Structures are given as C-alpha cells and as structure tokens.
Amino acid sequence: MESRFTETHQKLSEDGHESECDKIAHLLDLMIDGEASTEEQAYFNTHIEECVPCFESHQKQKLLKGLVSGHLKRVIVPESLALSIKARIQETV
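Counting in our numbering, the sequence shown runs from 845 upward without gaps.
By construction, these hints were calculated from the structure, which means they are not laboratory data. Source: prediction; values computed, not measured. Hints may contain errors.
What the hints assert, rightly or not - Calculated cross-link-like contacts (lysine to aspartate or glutamate; reagent style DMTMM-like; alpha-carbon spacing at most 20 Å):
#, residue 1, residue 2
1, Lys906, Glu884
2, Lys917, Asp877
3, Lys906, Glu935
4, Lys906, Glu923
5, Lys867, Glu883
6, Lys904, Glu935
7, Lys917, Glu894
8, Lys930, Glu900
9, Lys909, Glu935
10, Lys909, Glu923
11, Lys904, Glu879
12, Lys909, Glu864
13, Lys904, Glu923
14, Lys917, Glu900
15, Lys909, Glu879
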C-alpha cells in the first residue's frame, strides 16, 4: 500500500520530467543507508529543508530503520556459506 506522500509526489510533471520530490524519493534509501554521494546528499538536504512532506518521509524512514536495526543481530557465518549464496545469486542474474 503506497502512502499519500508516494501517491502525491511520485508523479511526473506535465512535461514528462521528474519533479524535485520524485528525485528525492529515489534518493531516500541511499540517504538512509549512507550510500548517497556527496552531491546527492547536498541536493537531498537542500530540498528537505524546504519541503515538509519530503522531510517527514525522511524522518519516518530513519525511525523505521532504527527500530528494525535495533532488533537485528549480526551473525557470523562460514565464508563457504556466504560464497555459496553469492554464487547462487549470480546464477539467477
């Protein structure tokens, strides 16, 4: 089920180009996971300083990630298992 934010802000503009909020929605996961480039971070931060719906969405995602990661434990597995899983993934690609 998509949120009202997603329904409202993930539409293309009239000329077929992505809106600012569309671009921010695509960057949200990168930002939350700490994988966004410096340029993407600057763009994202500038936008959410002025856009309340995007700011709220970012805050909700951060909260959710914090709640989930707080309940997960890192488990060390044998290297052979990790390699086997990676090999099977590569077979499906």
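Hint-by-hint comparison with the structure:
1. Lys906 to Glu884: holds (17 Å)
2. Lys917 to Asp877: This hinted pair holds, its Cα atoms lying about 17 Å apart.
3. Lys906 to Glu935: Cα-Cα ~34 Å, so violated.
4. Lys906 to Glu923: At roughly 31 Å apart (the allowed maximum being 20 Å), Glu923 and Lys906 break the hint.
5. Lys867 to Glu883: Given that 20 Å is the threshold and the Cα spacing comes to 13 Å, the pair holds.
6. Lys904 to Glu935: violated (36 Å)
7. Lys917 to Glu894: violated (37 Å)
8. Lys930 to Glu900: Violated, at about 36 Å.
9. Lys909 to Glu935: violated (30 Å)
10. Lys909 to Glu923: violated (27 Å)
11. Lys904 to Glu879: The given pair, whose Cα atoms are some 18 Å apart, holds under the 20 Å limit.
12. Lys909 to Glu864: violated (24 Å)
13. Lys904 to Glu923: Not OK: Lys904 and Glu923 at ~35 Å, beyond 20 Å, violated.
14. Lys917 to Glu900: Answer violated: Lys917 to Glu900 is near 28 Å, above 20 Å.
15. Lys909 to Glu879: OK: Lys909 and Glu879 at ~14 Å, within 20 Å.
Consistency with the previously given hints fails for numbers 3, 4, 6, 7, 8, 9, 10, 12, 13 and 14, ordered from lowest to highest.
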